[in-house]
Amino acid sequence: MTEKFLTLNGNKFYYDEIAEYSFRNSIPLNGYESKTLEFCRNWLTGVQEFPIQTSGSTGVPKTITLTRQQLEASARRTINLLKLQKGDTTLVCLNTEYIAGMMMLARGFLAEMDIIVVDPISNPLSLLAPDTKVDFASFVPMQLQTILVEAPEMTPILNQMKAILVGGAPVNPNLRREMMWVEAPIYHTYGMTETASHIALRLLNGAGAAEYYEALDTIKLGLDSRGCLTIQGDVTNNELLATNDIVELLTPTRFRWIGRVDNTINSGGVKVQIEKVEVAVAEAMIDAEKMPRYFIASQPDELLGEKIILVMESEPLAAAEEEELLLKMRKLLKRFEMPRGIYYITAFTETATGKIQRQRTMQKLGLVTH
8 MTEKFLTLNG NKFYYDEIAE YSFRNSIPLN GYESKTLEFC RNWLTGVQEF
58 PIQTSGSTGV PKTITLTRQQ LEASARRTIN LLKLQKGDTT LVCLNTEYIA
108 GMMMLARGFL AEMDIIVVDP ISNPLSLLAP DTKVDFASFV PMQLQTILVE
158 APEMTPILNQ MKAILVGGAP VNPNLRREMM WVEAPIYHTY GMTETASHIA
208 LRLLNGAGAA EYYEALDTIK LGLDSRGCLT IQGDVTNNEL LATNDIVELL
258 TPTRFRWIGR VDNTINSGGV KVQIEKVEVA VAEAMIDAEK MPRYFIASQP
308 DELLGEKIIL VMESEPLAAA EEEELLLKMR KLLKRFEMPR GIYYITAFTE
358 TATGKIQRQR TMQKLGLVTH
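Going by our numbering, the sequence shown opens with residue 8, and the numbers climb by one from there.
Think of the hints as simulated: they come from the structure by calculation, not from any bench.
Any given hint could be a false lead.
[Unchecked claim] Cut-off 27 Å, straight-line C-alpha distance, at most; resulting in silico cross-link-like pairs (DSSO-like, lysine-lysine):
id, residue 1, residue 2
1, K169, K11
2, K283, K362
3, K90, K169
4, K90, K140
5, K42, K140
6, K93, K19
7, K341, K314
8, K278, K338
9, K335, K278
10, K338, K371
11, K283, K341
12, K19, K42
13, K19, K169
14, K42, K362
15, K362, K314
16, K371, K283
17, K11, K42
18, K11, K90
19, K297, K283
20, K69, K11
21, K314, K338
22, K362, K278
23, K335, K283
24, K93, K42
25, K297, K371
26, K314, K335
27, K278, K69
28, K371, K314
29, K341, K278
30, K297, K335
31, K362, K297
32, K169, K140
33, K314, K283
34, K338, K297
35, K227, K90
36, K69, K362
For clarity, every value in this text was computed on a predicted model and none was experimentally measured.
With these hints in hand, go ahead and build the complete structure from the sequences.
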């Protein structure tokens, strides 16, 4: 029988030596590789509880503990839904110290797939040998955008996959447009660390592309008094989990995501949902050669109480370009939804998983944070 192994940054690690940590003297490891193999060792030796840190994109990072039962329940749903099977190759290019990367490893082990792990860089496909065939992968939007826009010659690698997951951040209209050229189905994920990764998916490309998420098998959805999504199932140990996500519940298993309950700005007595304004910004910049990252926030204002601002990761636009952007936005937004100022910064502050830390970025700009 062929010995099972995974590939980590070009080196083969056999499962038996991972379980025993017997490779340590023969292969030098950096910190990230050691952490990755530590999770693999714990999985292969039957560890039942896994401490996992939340990303910290919307607050202070915290460590929670998930059981093996929760991780396996989540992994099996994805394996069954996407028809992943023994001998398929899965690419793990998300940070394995967080739930998204961990679950890619768990799915690979449970389905007995061939596992290739690479560093979570902006174009992970550039780290693969040219003839590598991948059946399943998960990316953050920035990675997928980098591949499709800056390395379109690698699109055939995507086309041959059974399924592609994208998550961890919203998908902007520019990326959505580029995805339409990909032949493999691309699914936007909805979930969090507390639910052992995603509990719902929506198809982004092809004939069945949808604007709503469909919950995975046996996951129970509901709404709380705030209009926020509640989740219950084996991935939550059958406890009712209340999220901070405002949704429109279309059926018992389908929902449309509106935005976060804490992303509401009260400007001039009008409640404005940040996500709505961010979509309008994306649409206004859809023809830009390269869309910079950005986010909507607010600042205190004597007249309005709070004024809406746009923070962009770029060099300042020329006055004419800035006015053209604002003109396009005015056609998409109501008066009180319009940003009252644009701020520029060369680089956003990020979490370890690449999510924008809005408050820390604003602090770098000397802006007031709430």
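Right, here's what the structure says about each hint:
For the proposed pair K169 and K11, the alpha carbon gap of about 22 Å is at most 27 Å, so the pair holds. Of the pairs offered as hints, the one joining K283 and K362 holds, with about 19 Å between alpha carbons and a cut-off of 27 Å not exceeded. Restraint check for K90 and K169: the C-alpha separation of about 8 Å stays at or below 27 Å, so the hint holds. Restraint check for K90 and K140: the C-alpha separation of about 17 Å stays at or below 27 Å, so the hint holds.
The suggested pairing of K42 with K140 holds, with an alpha-carbon distance near 26 Å, which does not exceed 27 Å. With a C-alpha separation of about 19 Å, the suggested pair K93 and K19 falls inside the 27 Å cut-off, and the hint holds. With a CA separation close to 14 Å, the supplied pair K341 and K314 stays within the 27 Å bound. At most 27 Å may separate the alpha-carbon atoms for a hinted pair to count; K278 and K338 meet this at roughly 19 Å.
In summary, the hint linking K335 to K278 is supported, as the alpha carbons are separated by about 22 Å, within the 27 Å threshold. Distance hint between K338 and K371 is unfulfilled; the C-alpha atoms sit about 31 Å from each other, more than 27 Å. Taking the CA atoms of K283 and K341, the gap is about 11 Å. The hint holds against a cut of 27 Å. At most 27 Å may separate the alpha-carbon atoms for a hinted pair to count; K19 and K42 meet this at roughly 16 Å.
For the hint linking K19 to K169, the alpha-carbon distance of about 24 Å falls within 27 Å, and the restraint holds. Under the criterion of a C-alpha separation no larger than 27 Å, the hint pairing K42 with K362 is consistent with the structure, at around 20 Å. With a C-alpha separation of about 24 Å, the suggested pair K362 and K314 falls inside the 27 Å cut-off, and the hint holds. Taking the CA atoms of K371 and K283, the gap is about 25 Å. The hint holds against a cut of 27 Å.
For the hint pairing K11 with K42, the CA-to-CA distance comes to about 20 Å; that is within 27 Å, so the pair holds. Annotation: proposed proximity of K11 to K90 holds, straight-line Cα distance about 21 Å (limit 27 Å). The suggested pairing of K297 with K283 holds, with an alpha-carbon distance near 21 Å, which does not exceed 27 Å. Pair hint K69 plus K11 does not hold up; C-alpha atoms about 34 Å apart against a cutoff of 27 Å.
Of the pairs offered as hints, the one joining K314 and K338 holds, with about 19 Å between alpha carbons and a cut-off of 27 Å not exceeded. Between K362 and K278, the direct Cα distance comes to roughly 25 Å. Compliance with the 27 Å bound is thereby established for this hinted pair. Distance check on the hinted pair: K335 and K283 sit about 15 Å apart at the alpha-carbon level, within 27 Å; holds. About 25 Å separates the Cα atoms of K93 and K42, which keeps this hinted pair within 27 Å; it holds.
Note on K297 and K371: the hinted pairing holds, with a Cα-Cα distance of about 24 Å set against a maximum of 27 Å. In summary, the hint linking K314 to K335 is supported, as the alpha carbons are separated by about 19 Å, within the 27 Å threshold. Restraint check for K278 and K69: the C-alpha separation of about 30 Å exceeds 27 Å, so the hint is violated. For the proposed pair K371 and K314, the alpha carbon gap of about 19 Å is at most 27 Å, so the pair holds.
Using a Cα cut-off of 27 Å, the hinted pair K341 and K278 holds, with the two alpha carbons roughly 12 Å apart. With a C-alpha separation of about 17 Å, the suggested pair K297 and K335 falls inside the 27 Å cut-off, and the hint holds. Between K362 and K297 the alpha-carbon distance is near 19 Å, which keeps this suggested pair within the 27 Å criterion. Taking the CA atoms of K169 and K140, the gap is near 11 Å; set against the 27 Å cutoff, the hint holds.
With a C-alpha separation of about 15 Å, the suggested pair K314 and K283 falls inside the 27 Å cut-off, and the hint holds. About 22 Å separates the Cα atoms of K338 and K297, which keeps this hinted pair within 27 Å; it holds. A hinted pair counts as satisfied when its Cα atoms are at most 27 Å apart, and K227 with K90 qualifies at roughly 22 Å. Proximity of K69 to K362 is assessed by CA-CA distance (about 16 Å); at most 27 Å being required, the pair is judged to hold.
Checked against the numbered hints listed earlier, the structure breaks hints 10, 20, 27; every other hint is satisfied.
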